[in-house]
Structures are given as C-alpha cells and as structure tokens.
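Trainee: Here is what each chain is made of, one letter per residue.
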Amino acid sequence: MTVGPLQLCLFFSSALFCVGLMGALSRSNTILVLLGVELMLNAANLNFIAFWRYGPAPAAGTGVIFVLFSIAVAAAEAAVGLALVIAIYRHQKNIRLQEAARLKG
Amino acid sequence: MIVAFATIALFTLAAAAVAMTLRNLIHSALLLIGSWLGIAAFYLWAGAEFVAFAQVLIYVGAVSMVVLFAVLLTRHSRADLSVAPDAARRVIPALLAGGAVLGVLFGGVLSTPLRVATPGAPAFGVRELGRLLMGPHAAALLILGALLTVALLGAMVIAAPSRREDGSNSPDPS
Numbered sequence: 001m002t003v004g005p006l007q008l009c010l011f012f013s014s015a016l017f018c019v020g021l022m023g024a025l026s027r028s029n030t031i032l033v034l035l036g037v038e039l040m041l042n043a044a045n046l047n048f049i050a051f052w053r054y055g056p057a058p059a060a061g062t063g064v065i066f067v068l069f070s071i072a073v074a075a076a077e078a079a080v081g082l083a084l085v086i087a088i089y090r091h092q093k094n095i096r097l098q099e100a101a102r103l104k105g
Numbered sequence: 001m002i003v004a005f006a007t008i009a010l011f012t013l014a015a016a017a018v019a020m021t022l023r024n025l026i027h028s029a030l031l032l033i034g035s036w037l038g039i040a041a042f043y044l045w046a047g048a049e050f051v052a053f054a055q056v057l058i059y060v061g062a063v064s065m066v067v068l069f070a071v072l073l074t075r076h077s078r079a080d081l082s083v084a085p086d087a088a089r090r091v092i093p094a095l096l097a098g099g100a101v102l103g104v105l106f107g108g109v110l111s112t113p114l115r116v117a118t119p120g121a122p123a124f125g126v127r128e129l130g131r132l133l134m135g136p137h138a139a140a141l142l143i144l145g146a147l148l149t150v151a152l153l154g155a156m157v158i159a160a161p162s163r164r165e166d167g168s169n170s171p172d173p174s
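Chains F and V supply the protein sequences, listed in that same order.
Heads up, the first sequence is in our numbering, so the first residue is 1 and it goes up one at a time.
Heads up, the second sequence is in our numbering, so the first residue is 1 and it goes up one at a time.
Worth flagging that the hints you see were computed from the coordinates, not collected in a lab.
Quick reminder that beta carbons are idealized off the backbone N, C-alpha and C, glycines included.
Warning: the hint list may mix true and false statements.
[Claimed, not checked] Covered, in the sense of this in silico footprint (three residues per stretch, anywhere, with C-beta under 8 Å from a C-beta of chain V), are these stretches of chain F:
no., segment
1, 10 to 22
2, 39 to 50
3, 65 to 71
4, 76 to 88
[Stated by the list, open to error] To give a feel for the contact side, a few chain F residues facing chain V, derived at Cβ under 8 Å:
no., residue
5, 4
6, 7
7, 25
8, 26
9, 28
10, 29
11, 31
12, 32
13, 33
14, 35
15, 56
16, 101
[What the hints assert, rightly or not] Where chain F lies over chain V, by a calculated footprint (3+ residues, C-beta under 8 Å):
no., segment
17, 27 to 36
18, 144 to 151
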C-alpha cells in the first residue's frame, strides 16, 4: 500500500483512460467518440513509459519502442476513422451515432 | 519533481475532461491538442525525449490537423459547429461505467506490489533507440511502414467521393 512515483503515474494514466472512456461512451458525435478512443490509447502509452522508467530494466528500452509503434498505429487508426466519418457524412449528411446505425449506403 | 508531475497531470486531465464536455467541436479539438501537449510534457518529465517529440509531431502536428479537417468537412453550415446536447440516457450510464472502471483500476494499482528498481533517470538516448530500431526491431519497423501506407491508401479510398456522385450535380439523398 505504498504510493510511489510509479503508482502516481499509473493513477494519472487510469484517470486519463476513464476520461476518454466516459467521452467515448457519452457523446453522440462520431468525431468526439474517436477522440475519446485516442485519449484511451494515449493513456495506455503513458503506462508503457511509466513502467519503462521505473521498471527493473530501463536500459533495454522496450517501453520506448513499444510506445513509438503504438503512436504510429494510432495515427493510422485516426486517419482511417476520420475517413470513415467523412464517408458516413457524405451518405447520410449527419454524423450522429444514432442516425449512423446503417452500414449499407 | 513531484510538483512538475502534478502540474502536468492536472493540466492534461483538466483539458481532456473539459474537451469531453464542451458542445463546440472546435473548442473540444483545441483542448484535446492541449491535452496531447501535456502528455508530451509527461514523456519529457519521464526522460523519454524522443517519444515526446514524436508525440508532438504526430499528435499535435498531424492528427490534430486531420481532426480539424474532419470537423470542418462534416458541418452543415458556417455557424453549425456546436453539437446537440447528449441525452441523459447516454450520459449517466457512461459516467457510471467510467467511474466503475476508475475504481477498479485504482484498487488494482493500490493492491499490487510493484517493484520499483531505478529511482534515477535511465540513460537511454537517441543512439540506443536507433540501434534498437535498426537491429532487433527492423522487421517490425518495415511492417509498420507497410501498415501506414496501406492505412493511408485505404483512408483515401474511403473518403474519396464515389464515381456515381461525380457525374451529377445533385447526388441522390439515399
């Protein structure tokens, strides 16, 4: 039950993850839901850096490598997701999630 | 040290929380860019300089532009940047689920004995990172390049207007 710097970093990333989760679940605008998912991804990256910094072998650098790959994959995910939002808007003239329940254009 | 961490964490969390509650999409996107900057500051604080610069370049530079373009491309009129308020039927379960996950995560962190090995900053510079990326992780780097190419091509194909809509001035509203 000791709260060290590693625990503080984990608290920070958990709080950020939950902010993203609440946003992704509560908003009905598709762009805001995507941004909530991006926040959750960023919170996961914070965990990697925290465990790399305070873990047993920081010289190995695995956490840093993992975060770099994760950021790249998140960038690809954001590009595809926002392209999907634009495609939905073109078909339905609306990007609310409730109206976008139909995939067939 | 701990004051800097508290400042960064409070700034990041406040920016993200306010961004998730605002009704103006542009304000939300700008606040989220501030939140991403706060995360980059955390990486700098933790001693991962290269990751911090990558975060600034990719999130603050590139993803934010894509988000702003998407916001501006999907509005109905010049003044239409605010979204309708969300129904309490969605908001209250979302807050409950988020609070439950937060409680579970905090409990898990508090009840797990974590080994903290190095109180000092690890010496891990760009040189070591480059050696790792070009040595043991070279295959992953190449696969990542292929993934990014395919994802960007796919995004262009998805977002491009279909040929049927190109021919007519008034696309059918189906």
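Trainee: Does residue 26/F meet its interface restraint, that is, does its C-beta lie within less than 8 Å of any C-beta in chain V?
Mentor: Check passed: Cβ of residue 26/F comes within 3 Å of chain V, closer than 8 Å.
Trainee: Does the interface hint hold: is residue 56/F within less than 8 Å of chain V, judged Cβ to Cβ?
Mentor: The hint holds - residue 56/F has a Cβ within 8 Å of chain V, the shortest such distance being about 4 Å.
Trainee: Measuring from the C-beta of residue 29/F to each C-beta in chain V, is the shortest one below 8 Å?
Mentor: 5 Å, holds
Trainee: Tell me if chain F covers the segment 144 to 151 of chain V under the three-residue, 8 Å CB rule, please?
Mentor: With 4 residues close enough to chain F, the hint holds.
Trainee: At a Cβ distance under 8 Å, does chain V reach at least three residues of the segment 10 to 22 of chain F?
Mentor: holds (count 12)
Trainee: Check, residue by residue, whether the segment 39 to 50 of chain F contains three or more positions whose beta-carbon lies closer than 8 Å to a beta-carbon of chain V, and give the verdict.
Mentor: That given contact holds, which follows from 6 residues of the segment 39 to 50 of chain F lying within Cβ reach (below 8 Å) of chain V.
Trainee: Tell me if chain V covers the segment 76 to 88 of chain F under the three-residue, 8 Å CB rule, please?
Mentor: holds (count 11)
Trainee: The hint names residue 7/F as touching chain V; please verify it with the least Cβ-Cβ distance against 8 Å.
Mentor: It holds, given that the least Cβ distance between residue 7/F and chain V is near 6 Å, below 8 Å.
Trainee: Mind checking the CB of residue 33/F against every CB in chain V and telling me if the closest is under 8 Å?
Mentor: 10 Å, violated
Trainee: With a Cβ-Cβ cutoff of 8 Å, does the segment 65 to 71 of chain F contain at least three residues near chain V?
Mentor: holds (count 5)
Trainee: Any CB of chain V closer than 8 Å to the CB of residue 28/F?
Mentor: With a closest approach of 5 Å, the residue 28/F hint holds.
Trainee: Tell me if chain F covers the segment 27 to 36 of chain V under the three-residue, 8 Å CB rule, please?
Mentor: holds (count 5)
The structure fails hints 13, 16 (numbered hints given earlier, in ascending order).
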